[in-house]
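*Asks:* Take the given structure of chain S and dock chain C to it, following the hints.
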Amino acid sequence: MSEIILTPLDQPDVPLEASNIKPDVFAGKTIDEIKNIQIFHGNTPVKLSDFFEVSGESSENPAEIGIVIDGDVDRTKRIGEGMSAGEILIKGDVNMYVGAEMKGGRITVEGNAASWAGQTMMGGELEILGDAGDYVGSAYRGDWRGMQGGTIIVHGNAGNEIGEYMNGGKIIIKGDVNIMTGIHMNNGLIIIEGDAVARVGAEMAGGTIIVNGIVQEFLPGFEYLGVEKDIEVDGQTIPGAFYKFLGDHAIKGAKGTVYVAVRGNGHIVP
Amino acid sequence: MELIIKNGFVYCPQNDIDGEKMDICVKDGKIVESVSDDAKVIDASDKIVMPGGVDPHAHIAGAKVNIGRTYRPEDSKKAAAKFKGGRAGSGFSVPSTFMTGYNYAKMGYTTAMEAAMPPLLARHTHEEFYDTPLIDHAAYPLFGNNWFVMEYLKEGDIDKCAAYASWLLKVTKGYTIKLVNPAGTEAWGWGGNVHGIHEPAPYFDITPAEIIKGLAEVNEKLRLPHSIHLHCNDLGHPGNYETTLASFDVPKGIKPNPAVGSRDTILYATHVQFHSYGGTTWRDFESEAPAIADYVNKNDHLIIDVGQVTLDETTTMTADGPMEYDLHSLNGLKWANCDVELETGAGVVPFLYVPRAPVPSVQWGIGLELFLLIEDANKVCLTTDHPNAGPFTRYPRIMAWLMSNKYRMEYIEEKLHSWAQRRSSIATIDREYTFYEIAQISRSTPAKALGLSDTKGHLAPGADADIAIYDINPETTDPSNDYMEIENAFANASYVLKDGEIIVKDGNIVKAREHGRTYWIDTQVEEDIYKEVVLDVERKFKQYYSVNFENYPVQDAYLPKSAPVKGVIL
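Sequences listed follow chains S and C, in order. In this text, residue positions in the first sequence follow my numbering: the first is 88, and each later residue adds one. In this text, residue positions in the second sequence follow my numbering: the first is 944, and each later residue adds one.
Chain C extracted, bound-state conformation:
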């Protein structure tokens, strides 16, 4: 099938296209140089054309997400919708699977990553992906508190650890090496936590710093498309910015070595908003975002996503078990907690970011400070750590905040607690993002960081024809003043194409049943070591696991559109 998108204002940062009026040609699901005269025409005059959005970090599928859904019927009640030709759904902060796919598509997002998959629960995660239509996706298995990883790294055996990682990515159909509060979640299994990056996990006697460094080496040895994906220690604690800066320094010096894509960083630090806190308690709590932004500006080995607070009632969920206990102790709301044998843990707690309350006001400011003080939009990705700081459906609002100082000041002066001004510098920053920068933080930057930039996050020939068209004329619209128009347009794309097929028209889902691709890593390591490690794993399964070794791997049947990454992304 051929298609041509005519006369749109195209924003494609990867190819330095900044609002140029041009045509985009599509054939058989890919972007091509030209099409025949028979091609279907989409008139994009007076509209913006961008690559499909890429969400590098969200919690959208798997066990803890489903705990969030099942134990928050009151959240389901807040948002329920029918989708013509698709499945009805519900849920504001934790939408049902089908609605998750539709909600992303409506905003022009075509790729979203599940950021924390307990390996033991990989099958559940892929089952939910199966029912999350339209978006390409991948899951990040948790490595940072895994017994095998901690033991191999303690022995200093990077080769064995790499072989284990290779095996685990293969059997869980996982995409990257994810670390959540390394050593801390294991400590939670003993009723504790670790503080800073040099306090060792109980029994395993290995520190967060050692785990971060070891896994960064493993990552580059395996030549993975994405770097290690780090949720730092001490999340959400006043004064944690020092831990954050120290963590950033740990893998410095390791050379990026991806087999595919164009990644040039070796660390991806996620939801850094939660890690940029000063003060010693919630009473003297303040922003240290400027210090974090300064570090990011001066260093090239890392990239971050923000985890912007959206000031909503939401559901927090993370593999950072001890943090969720702290949060539950703070707000007294219902708490779910789980230990995943040998691997990780998790917790879930509802949270209300009340705009009038002091701490959420500062958290809001910190997130925006990160966006606005990090000079290069190639170094920062747009996320809300969905649903932790707010639901992903608020991305359009965040885009509008970033593009309009007036919109931000309206919040600061009328809606937020005065701490937003007094404890963060947000009120003094008047930078406004351009459409080009919006396309960077939501498209090209995450695609590159994920190692998917061959086919995602851009519109040059060869890319997947994942395209979003928004009803905004950049020549006549002034985002500084017309911010509501920007927010509405980004929330309801005029057209969204996925692999060359129209899936959204005028903000409505028109093709609802398609499965997205599942990216996963199929790496090869030296056979002898691999065999030795698998034997080792088998032995441990007999000793410790509650499931059989043979029942652990996720079968191919779970992936309707399997996209193994061996060395080439097609």
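Looking at chain S on its own, in the form it has when it is part of the complex:
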């Protein structure tokens, strides 16, 4: 694998929009050509080298390219948007839409990611070692066709409406989340290893949500099915005892499943 290192210079107040930072665009270009790739500073087209030092070695094949962003890019949006192969490693924080519409390959964020990480993701892997903002793996604003495939793992906490309109794939949040996890979800799997404040699975029609921590308030539109032990989903066994719910019956014919750990959640069962 050939490595291309982007060292961020000063990050501007007006954010950069850099959907061109991905192996698919870098492939087949020399380092000098990569320096000239267009990104946007606000609505002004600029060169990649205006905001990043570029070094390393490129390749013809995007799957052979690893892009390393060596520092914080907390004012840079859309890194890896639509990427289909290769790897991106961000050694710091990143702004919104990291890995949006991603089809394949792998992105690792060592710091925190702002909202909309992995929006409408189709495939590939997105791993965030810090916290993520709202709308992890959600649909585009207004759209009802959300994440289709791939895996998102957040090691820290995440915000509201994780997996909104999710249609497939897997989201794992190892920390806590705020409200409305899996809202409008139709398919796929969301695992919350920490706590979820409220309204888990609001208006979900299908798919599975598992919460291992505490759910403060639970929605009335779910039917309680009893306790299940060591649940099996997606080819893996999740140990422990879980309350199982079917819903959200606010939606006609809904077949969503929510598992909530028995421990600490006695207040949500009838």
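Keep in mind the hints are simulated off the structure, nothing from the lab. We put the beta carbon where it would ideally sit given N, CA and C, even for glycine. Among these hints, one or two may not hold up.
What the hints assert, rightly or not - Restricting the straight-line Cα-Cα distance to at most 20 Å, the calculated cross-link-like pairs of lysine to aspartate or glutamate (DMTMM-like) are: (1) S/178 - S/212; (2) C/1021 - S/104; (3) C/1021 - S/168.
As the list claims (entries may be wrong) - Simulated DEER-style distance windows between Cβ atoms: (4) S/231 - C/1269: 16 to 22 Å; (5) C/1499 - S/231: 39 to 45 Å; (6) S/331 - C/1349: 55 to 61 Å; (7) C/1319 - S/131: 38 to 44 Å; (8) C/1138 - S/314: 50 to 56 Å; (9) S/326 - C/1226: 47 to 53 Å; (10) C/1134 - S/326: 48 to 54 Å; (11) C/1028 - S/131: 17 to 23 Å; (12) C/1428 - S/120: 45 to 51 Å; (13) C/1485 - S/304: 43 to 49 Å; (14) S/284 - C/1500: 39 to 45 Å; (15) S/161 - C/1450: 39 to 45 Å; (16) C/1501 - S/142: 58 to 64 Å.
*Replies:* Leaving out everything else, chain C in the frame of chain S:
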């Protein structure tokens, strides 16, 4: 300023010009007999010259359009463009205001009508017109579920109803009497709908048939340039063609009486594709377009537009509130709904006309059947009921479908569900439109129906110099086979002139800031009745409306190019 368009193949159906090679002279925004030698020359050799396009029915400005824009950011994302010298815009099915003007102009369209304006929201509509450059326009206020109209007609008082209509057209700066699901939208205010034309609205106890007939009489009494503009009851329901045919019969016998223009019809039925459905459910759904076309062929009191399905993802929006609820129940997508006090209602729902799905395939066939089975292109207008059956930016594709059986068969055989062939007769029709007929359905026919044929839809001296030039040589191009060439040429006009100024060159906007005219009706009725009715209205405002009577009328300042129609269109 003088200008001469030389050597083009001119298609001007109103003056029986069918592809004749001739020059068109322009002076001070009008078409004239001749110009001096100093005139600027546009060489139109090997090109087609037509009058600027006229869209008689689209939803391009006002409250529900803006709901569509605001609640569909995912539609905005699909199309975004910059226009040199103009404003950037976005939106595929519901483009922003500026982009709406530019998109029309690029296709050679210079006039487009907003087909449904809630009177209470007239100011919003005119504000959006203000920001919709280049195209002349007018708005159709909604009358079919209006409390005043229903009460006057129930009392049988045509004179008072006419006085009210005259007042409403004046204060809303409206152009025609528009009816949407008459009695049905009022019933929606009570949680219901009406079915057929003889079921009365709740409380008001008046039927759709009575409202249609009454307003048709009012229309001719006021001598309006356009006839009543009717969106029939039961839109989009399997088996609705019987309601449609019955509605067509209602105003029959009333004499056309326009003060201006050359309209000879008394009914304009809109987006008839949505009203030509057979069967009883979506399972046995089928086309009844042949029955509708047969009626239109045999009767001369009406004219229709089609509302052609373009097989896109689009946004439906209409004052037919209950229909939008039905649609939302069917597709489960987001639904906006509004009741406009005393006047009308509206709903908005996104819709995907998936080509591989059975019902949209038949709907596509039904629209084209109407175009191809109605023999006289003087009786049918090109529309998509933008954005309901598809965006207006697809007109070039529809033109190409109409001109090429091969193009249609390519869709039928490769892209559509087999229901297109099995549930409609479209695969058996091999008629192909000529350029002359294309100019009819997109220019002369709508202009005449709207009462604008003195200045629009033709190229004789006296007409507004709204002219489209397309890079098609009719002597060497065979539309049957070169359909993609036709589609591209109609989508990107070589030149478009608006009031004698070049606004488009080679498919690019070159003049982006000009306001279009706003046509509106300034009629006079007998003063005593008018005063009495206005007093009546004032009383009702105090009783029921959430706004003051004085705050209701749209001030003149909202119309940068006001074009009141009193008896002459200049």
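*Asks:* Please go over all the hints and tell whether each is borne out by the structure.
*Replies:* For each hint, the structure was consulted:
Taking the CA atoms of residue 178 of chain S and residue 212 of chain S, the gap is near 17 Å; set against the 20 Å cutoff, the hint holds. Between the alpha carbons of residue 1021 of chain C and residue 104 of chain S the distance comes to roughly 18 Å, so the proposed pair stays at or under 20 Å and holds. Restraint check for residue 1021 of chain C and residue 168 of chain S: the C-alpha separation of about 16 Å stays at or below 20 Å, so the hint holds. Hint check: residue 231 of chain S to residue 1269 of chain C, Cβ distance near 19 Å, so the stated range 16 to 22 Å holds.
Our hint of 39 to 45 Å for residue 1499 of chain C and residue 231 of chain S holds, since their Cβ atoms are close to 43 Å apart. Under the hint 55 to 61 Å, the C-beta atoms of residue 331 of chain S and residue 1349 of chain C, about 58 Å apart, fit the expected range. For the pair residue 1319 of chain C and residue 131 of chain S, the beta carbons lie near 55 Å from each other, so the given range of 38 to 44 Å is not met. The hinted window of 50 to 56 Å between residue 1138 of chain C and residue 314 of chain S holds, with their beta carbons roughly 51 Å apart.
The hinted window of 47 to 53 Å between residue 326 of chain S and residue 1226 of chain C holds, with their beta carbons roughly 49 Å apart. The hinted range of 48 to 54 Å is satisfied by residue 1134 of chain C and residue 326 of chain S, whose Cβ atoms lie roughly 51 Å apart. Between residue 1028 of chain C and residue 131 of chain S the CB atoms are about 19 Å apart, so this pair conforms to the stated range of 17 to 23 Å. Look at residue 1428 of chain C against residue 120 of chain S: about 37 Å separates their beta carbons, and that is not inside 45 to 51 Å.
Between residue 1485 of chain C and residue 304 of chain S the beta carbon distance is about 47 Å. The supplied range of 43 to 49 Å therefore holds. One distance hint, 39 to 45 Å for the beta-carbon pair residue 284 of chain S and residue 1500 of chain C, is violated here, with the actual separation near 51 Å. One distance hint, 39 to 45 Å for the beta-carbon pair residue 161 of chain S and residue 1450 of chain C, holds here, with the actual separation near 42 Å. In this structure the supplied range 58 to 64 Å holds for residue 1501 of chain C paired with residue 142 of chain S, their Cβ-Cβ distance being about 60 Å.
Figure legend: structure checked against the earlier numbered hints; hints not met, in rising order: 7, 12 and 14.
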